[in-house]
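Q: Given next are the chains, with one letter for each unit.
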Amino acid sequence: MELLLAVVIGSLYATGLYMLLRRSVVKLIIGLGLLSNGSNLLIFTMGRLVRGRPPIVPEGESSVPPPFADPLPQALILTAIVISFGVLAFALVLIHRAYQKVGTDDLDDLKTTDT
Amino acid sequence: MDVLLAVLSGFLLAPLAPWLDRRLGKRWGWMWALVPLGLFLFFLRFVPALARGEAFTRRVPWIPRLDIHLSFHLDGLSVLFALLISGIGALIFLYAARYLEGHPHRGRFFLLLLGFMASMLGLVLAENALALFVFWELTSLSSYLLIGFEHERESARSAALQALLVTGAGGLALLTGWILLGQIGGGFEITQWRSQREQLIVHPHARWALALILLGAFTKSAQFPVHFWLPNAMEAPTPVSAYLHSATMVKAGVYLLARLQPIFGTMDLWGATIVPVGAVTFSLGALLAVRQSEAKRLLAYSTVSALGLLTLLLGIGTPTAVTAAMVFLLAHALYKAALFLIAGILDHETGVREPERLAGLRRAMPITTVAAVLAAASLAGLPPSLGFLSKELFYEALRAAPRWPLLLLGNAVLAGMALVAVAGLMGVRPFFGRERSELQFLHEAPRPLWLGPLLLGLSGTIAGLWPAGVERTLLNPAITATLGQPAHIHLAAWHGLNPTLLLSALTIAGGVGVYTGRGIVRALAVPRVLARFTPSAGYAALLNGIFTLARFQTRVLQSGHLRYYLLTIIAWTVGIVGYPLLRRADGIALRRSAPEHMMDIGLALLIPLAALAAVRFTSRLAAIAALGVVGYAIALLYMIFGAPDLALTQFMVESLTVILFVLVFYRLPRFATLSGRWARARDVVVSALAGGVVSALVLSVLEMSPPNVISEYFVHKSVPEAHGRNVVNVILVDFRALDTLGEITVLALAGLGVYALMRLRVEE
Amino acid sequence: MRRGRIEHSSDVHERGAPVPSSEWERASMILGVAVRALLPLLLLFSIFLLLRGHHAPGGGFVGGLVAAAAVALYALAYGATAAQQLLRLSPRGLIAAGLMTALASGLVGPLMGAPFLTGRWVKVGHLELGTPLLFDVGVYLVVIGVTLWIILTLAEE
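Residue numbers (my numbering), protein chains in the order written: chain A, 1 to 115; chain B, 1001 to 1764; chain C, 2001 to 2157.
A few of these clues could be false.
[Stated by the list, open to error] FRET-style restraints, in silico, Cβ to Cβ:
hint, chain 1, residue 1, chain 2, residue 2, range
1, B, Leu1044, C, Phe2116, 56 to 62 Å
2, A, Ser63, C, Leu2038, 36 to 42 Å
3, C, Ala2104, B, Val1577, 21 to 27 Å
4, B, Gly1168, C, Arg2092, 49 to 55 Å
5, C, His2126, B, Gly1602, 42 to 48 Å
[What the hints assert, rightly or not] A short list of chain C residues far from chain B (calculated; beta carbon distances all over 10 Å):
hint, residue
6, Ser2028
7, Leu2031
8, Arg2036
9, Gln2084
10, Leu2089
11, Val2124
12, Val2143
Simulated from the structure, these hints should not be mistaken for laboratory data.
Ideal Cβ placement from N, Cα and C applies to all residues, glycine included.
Full structure from sequences and hints, please.
A: Spelled out as structure tokens, the structure:
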């Protein structure tokens, strides 16, 4: 499964980076979404892949009996998901406002601070 | 009063200077001279004890972990310098108050001058090499600001920058040298290095350390071939030239050589480097001086020459040479500061800067004339001045030099002749001869202006007549400190008829010849080819080269196109991460901890396909839908591999993202294909490579992933310590709650950013 | 019936002929009724997620997102202004309250002589109430606040 996931992560990085390299500013947003998904999956896979054993202590026990999924990457990714939502919103609005103001979506026309 | 306070007083007073100077008013500017005067008296109190052979150390920890201390060492050498700095400083401050009377920025001038004085005192008194370096750089910095004091003039600005770049580069070399020595010796206290000199100088790195330190000393003391900054520094107001660029700061390099002489004096590199550099600077400076027409530039080149002589003598390092160096140091500080101040008086009173255009001023300015004649006599080495004594001594030292005595002596006689001509130009030419009619309404300079030169000129003569006085109190302790052993030197005004006296007479006679024939010396044309390769042309070429490189690099790297920056970052990362992955000989073995199910394979195929679709679709709606598919599929993966919290969150965020896109996306421009075919092909290759590298990275990390100790800890402590069974949640709200607090703050800021962008409209 | 800002959604049909308004009104009516029924349920579910988070999947982040989604749906159906009125407290106020709650939960530790953000618990009968729960409530409020702030700001545009 790790091999499969490695390929999946690689494909998310490749497509995300390709979109980031486009001149059309809207495509950047799509690229950002793909890349953040890829990064989250990367951190997730770097932990341990354990099927169906969430790190939740059964009632009455003091610890999770192994094997269990690594809780630390999960905690990292959980906040990352929410924050990337905030970042995505901010980027969308920034582009929206810039487009309103300048009337172009070509990054080559957004090189200077003069409008 | 404490030494620490004495050094720091200048720094403490400096920030107040602009305000205080305004309060004092222009008539009371002389009050500033009380600060250096007080310091002079403070250091004078140490003289009797030093003459008895005592030394004082005061140590205040500064950054003890790095072995940096504010430690000060008072011995004959440092106190001689401290007395020169504060004593000449008092006269300069007095002079400057009158010279800049009514100047709108006199307060700022005193700020800088006080700062410089404090730095210079710190430099000569510092015992810790790194503290010394800090003060060293502070003197460079204050010199920069003072040369550029009249910053409206372009020439002043570029001269200031030149001085800063040259001495600053030397300063960095010095720092590197210090650090090397610190590595070898295991500390930064100079006395400690002195006690372990035997081990120090045989270390293979000692040569490098010394070479770097010498580089620092040479740049600071304007040795050939980096002497050119000093004449250009004459853009500074005259009191600055007199103080920094003749009497004190430029001697910092010489001071350093004297300080290190007991440590490195026996190394081959010491004499082999310092002696030639000093000798060339000595004669070249003197010859170039004669060719100048402006008084200040003339004096600047003669200062270069004097610094060369001091360097040369310390390079020779015999007891006679060190004695000659110390006597000459004192003599030069006295007469050169006086001559600079006189040049300032001439400029101030007549508005003429070239001595050749002045004559017969003795009637209008009798006191200035006396001061000038006394100082010039010392420069020319005429008896009974201290200059005469020092000339006798250094001829003797050169005659007895262990290497190339005849060459050095000839060189010195040549330089001496040129210096006699310089003395004639400064002490005779403006004051004697027939009075010029256009200059007849002149009168004597005000008292604060002539007081300094007169006192300095007189001290030089008195010291020459009665050398035993300065010898016991100032010179002997300084020579002892430099040699590292007691010196028994007896100076006398009259040495009797000997070959040295003959040489002196020859020098003076030759000097009179040079003076009368100076027209010829000046007319000698420097060959064109040589003019193109002067050190200052080299400096200009270097500077231009740096600018050209910077422009080129900016043009290439700073394109202003986001995608080129990204492309550079991605390509570079692919290179440096991919290369070691490729180099791994064993390849990447696969660890199969989780076997595949049909469901996983389906998802794993779906995600790349959906991602590819998001790239390929030309409709925005379709692309967003494809992105959504990627997100939901990953949420399912989280679900399968034991992360229900992640799955839930991802589902919710994906849904909210859809709402977000619905609200905004259709007010955004449509997708457009703006890049050309080639650009797209290049980006496909680069991003595919990047994806491949990430895949390989994941596999190789998985292969070596060690047991996660932190996770184990969290899992075991979750119930007993945090009373929670969902470990992920416990990490978020308890174990790492501070991180989460930061994250929700970031989230709040993102919301604020969106609100600000949408609602707050900048006025058109 | 009120259509609110739902017009934006009509853009969804790219480049095509304008959609007959009656169809959209019918669609939004269905949405409106559904939202009315779902809203209390979703809000309750979000609080349930928040409270069980310490022991089972859930927590402040997910709970907050669910609650925000519920209100966002309401905004889609009835307009941003109506959603704003429903909230009573402005999103900005929610964020401030959330950050303050999280901060306050952290200050309990120092008041009892322990470092900042140290967990403290009191047993009320069978229930264990602790500062981590209070902290999670803060997270919950911030997440609702930020999400709604963004969505309502955009919806009002």
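Q: All the hints need checking, so say for each whether the structure fits it.
A: Okay, the hints, checked on the actual structure:
no.: 1; hint: B/Leu1044 <-> C/Phe2116: 56 to 62 Å; verdict: holds, 58 Å
no.: 2; hint: A/Ser63 <-> C/Leu2038: 36 to 42 Å; verdict: holds, 39 Å
no.: 3; hint: C/Ala2104 <-> B/Val1577: 21 to 27 Å; verdict: violated, 44 Å
no.: 4; hint: B/Gly1168 <-> C/Arg2092: 49 to 55 Å; verdict: holds, 52 Å
no.: 5; hint: C/His2126 <-> B/Gly1602: 42 to 48 Å; verdict: holds, 45 Å
no.: 6; hint: Ser2028; verdict: holds, 13 Å
no.: 7; hint: Leu2031; verdict: holds, 12 Å
no.: 8; hint: Arg2036; verdict: holds, 18 Å
no.: 9; hint: Gln2084; verdict: holds, 13 Å
no.: 10; hint: Leu2089; verdict: holds, 15 Å
no.: 11; hint: Val2124; verdict: holds, 13 Å
no.: 12; hint: Val2143; verdict: violated, 7 Å
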